[in-house]
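Construct the complete structure from the given sequences, taking the supplied hints into account.
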Amino acid sequence: MRLALLSNGLKTSSRASHGTISKMKRAHVKRHFLWLDIAVAFMTIILVGTGIWFGTIKKDTNDLTCKAVGAEHQLTIKSDAFSTSQLTLKRCDTIKIVNTGTENYELTFGTHDNLINYPGFTRQPLRPNEFFVVDAVQAGTYTMHDHIRAKAHIELDIKAE
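In the numbering used here, the protein residues as written are 1 to 161.
Bear in mind the hints are in silico, worked out from the structure with no lab data behind them. Don't take every hint at face value.
Stated by the list, open to error - The calculated label-pair distances, taken between Cβ atoms and stated as ranges, are:
# : residue 1 : residue 2 : range
1 : F42       : K96       : 46 to 52 angstroms
2 : E72       : T44       : 47 to 53 angstroms
3 : G120      : T76       : 20 to 26 angstroms
4 : A71       : L115      : 24 to 30 angstroms
5 : N117      : T44       : 27 to 33 angstroms
6 : A81       : G140      : 22 to 28 angstroms
7 : V69       : E106      : 25 to 31 angstroms
8 : G110      : F42       : 36 to 42 angstroms
9 : N117      : S79       : 26 to 32 angstroms
In this text, a Cβ means the ideal position worked out from N, Cα and C, and glycines have one as well.
In structure tokens, the structure reads:
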């Protein structure tokens, strides 16, 4: 008799534990799927966002390629001034900038207080009797200036093809 009670007690206890364990497993599985859902949603956002980002970058890169080189325009810089204050050109033209003076210049796009990035161009030092070439790959109106003294500046109006 004592054995039967002990046995019944274990069975009852075992059944109660089994029911509790099942509830715990279901709760754990639900939490697991919740985290999985959150992870999938997060990855979807990342992948879609990355696709949009790279799609934009790729599109911009394609828009900045030239099928053929256009005309070459020559500018000179001397005594803190360019040879002209404005230059109109077409996209894919080139600009050759020659330092015919005795001072060093450091040319960049934008105004002295607001530098801008222009594709394929970084701040360019220009010593006396040297030159460099700028490819006009992006249409728009831009200011180029000497960043050392900020006196020399030119407006570049680059027209679309």
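Status of the hints after comparison with the structure:
no. : hint                              : result
1   : F42 with K96: 46 to 52 angstroms  : holds, 51 angstroms
2   : E72 with T44: 47 to 53 angstroms  : holds, 49 angstroms
3   : G120 with T76: 20 to 26 angstroms : holds, 22 angstroms
4   : A71 with L115: 24 to 30 angstroms : holds, 27 angstroms
5   : N117 with T44: 27 to 33 angstroms : holds, 32 angstroms
6   : A81 with G140: 22 to 28 angstroms : holds, 23 angstroms
7   : V69 with E106: 25 to 31 angstroms : holds, 26 angstroms
8   : G110 with F42: 36 to 42 angstroms : holds, 38 angstroms
9   : N117 with S79: 26 to 32 angstroms : holds, 28 angstroms
Every hint from the earlier list agrees with this structure, and none is contradicted.
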